[in-house]
Amino acid sequence: MKKIFIILELLLFISCNNKKEVVEYYDNENPKSVYIYEKGIKQDSSIHFYKTPKAVIKTIKYWKDNNAYYQRDFFDNGSLMREGHLLRDNFRIGKWDLYNSEGCKLEVIEYFNINNKSYINQVWKLNSKGDTIPGGGFYEVKNKDTISNNTPIRF
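Per the working numbering, the very first residue in the sequence shown carries number 115; after that it's consecutive.
Heads up, a few of these hints could be off.
[What the hints assert, rightly or not] Calculated cross-link-like contacts (lysine-lysine; reagent style BS3-like; alpha-carbon spacing at most 25 Å):
| no. | residue 1 | residue 2 |
| --- | --- | --- |
| 1 | K209 | K165 |
| 2 | K146 | K156 |
| 3 | K153 | K178 |
| 4 | K134 | K178 |
Rather than coming from a laboratory, the hints here were simulated on the basis of the structure.
What you are looking at is a predicted structure, and each value in this text was computed from that prediction instead of being measured.
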């Protein structure tokens, strides 16, 4: 009786697991994309491949409840190109790290959400040791430290 109960529990557990892997293919029969769905909603991660003779990962997106929240892009040699957070699919937010094809971090770009659009706020350029170098993007606001009465302030 105990064995039958365990077998019934296993069957119930397996039947309730609604995870489904969907694979799309290029004409050369190599994978184009792999998605994981649970109850019809994208979950876990999706993997996109370059159209090359050998399957090489192009992008990995991480999903929760049908919303992408993190993305990693790769060069066709397999090394990491860039990675960062997403507010939703293809909507960059926060700091993104950019690398060269040898794997050295070149830049850090910070994205802000302004009126529901992704905008670059700052860019830090890095040398091979990871130290910041001149050439990044930032804004500096200069104002007079004293103003006279009845003078409008302009930025």
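Now for the hints, and whether the structure bears them out:
no. : hint        : result
1   : K209 x K165 : violated, 29 Å
2   : K146 x K156 : holds, 17 Å
3   : K153 x K178 : holds, 12 Å
4   : K134 x K178 : holds, 15 Å
The structure is inconsistent with hint 1 alone, although it conforms to all the rest.
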